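K.L.:
Okay, here's what each chain looks like letter by letter:
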Amino acid sequence: DAGVIQSPRHEVTEMGQEVTLRCKPISGHNSLFWYRQTMMRGLELLIYFNNNVPIDDSGMPEDRFSAKMPNASFSTLKIQPSEPRDSAVYFCASSFHPRETQYFGPGTRLLVL
Amino acid sequence: KQEVTQIPAALSVPEGENLVLNCSFTDSAIYNLQWFRQDPGKGLTSLLLIQSSQREQTSGRLNASLDKSSGRSTLYIAASQPGDSATYLCAVDVDYKLSFGAGTTVTVRA
Chain E
62 DAGVIQSPRH EVTEMGQEVT LRCKPISGHN SLFWYRQTMM RGLELLIYFN
112 NNVPIDDSGM PEDRFSAKMP NASFSTLKIQ PSEPRDSAVY FCASSFHPRE
162 TQYFGPGTRL LVL
Chain Z
721 KQEVTQIPAA LSVPEGENLV LNCSFTDSAI YNLQWFRQDP GKGLTSLLLI
771 QSSQREQTSG RLNASLDKSS GRSTLYIAAS QPGDSATYLC AVDVDYKLSF
821 GAGTTVTVRA
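Top to bottom, those sequences are chains E and Z.
174 is the number that our numbering gives the last residue of the first sequence; the numbers go up by one with no jumps.
830 is the number that our numbering gives the last residue of the second sequence; the numbers go up by one with no jumps.
Keep in mind that the hints were calculated from the coordinates and are not lab data.
Note that the structure is a prediction, hence the values are computed from the model and not measured.
Each hint should be verified, as a subset may be incorrect.
[Unchecked claim] Below, a list of computed lysine to aspartate or glutamate pairs in the EDC-like style, where the Cα atoms sit at most 20 angstroms apart: (1) Z:788 - E:161; (2) Z:817 - E:161; (3) Z:721 - E:105.
Please model the complete structure; the sequences and the hints are all you need to start from.
P.N.:
Take a look at the structure:
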């Protein structure tokens, strides 16, 4: 298996623009997680899905952030409009069950100017 | 709110020395604890997962212990190698969500 796939790997955009991050989980995994990592705040859970259904989005910072999982093999995290403070590395992870070992993707490094 | 602390923040040892990494958490009502490794510019790789009912878990040169009542876990890496240089993060599962520590950055000198 190729592991968790994220795209793009790097994104540079200007403040106010819409940003869409993509994730393909490991085939057969039922749970998908979106995390954000910054120097100041470390690694934070934004939202997680189980069987394509959002279970907990309490970590989503603002209404500017939204996430979808239209099917078992694809998820998106969208930021609209983007702000400089959204600059971070965004990771997607998947697992068979929310409480089992999570497998992380390589991350998307986002820079908002 | 669960607070996870890892001390020290950085550690440098000569090759061959055993590594001891510490993790503490404030809420003992955890379901499990996981140790991850992160290489620069890369994602996280899971090393060990300890269920709350377990006292330790082993994989090769790695051994992790868990004392839930005192809110502590320790990761031991035996006979360290330069390839062990990375940042090691612990995370605790409470209510189906992982809370991460800030990590310990390890440098193993050849």
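K.L.:
If a hint holds in the structure, say so; if it doesn't, say that too.
P.N.:
Going down the list of hints, with the structure as the test:
no., hint, result
1, Z:788 - E:161, "holds, 18 angstroms"
2, Z:817 - E:161, "holds, 11 angstroms"
3, Z:721 - E:105, "holds, 13 angstroms"
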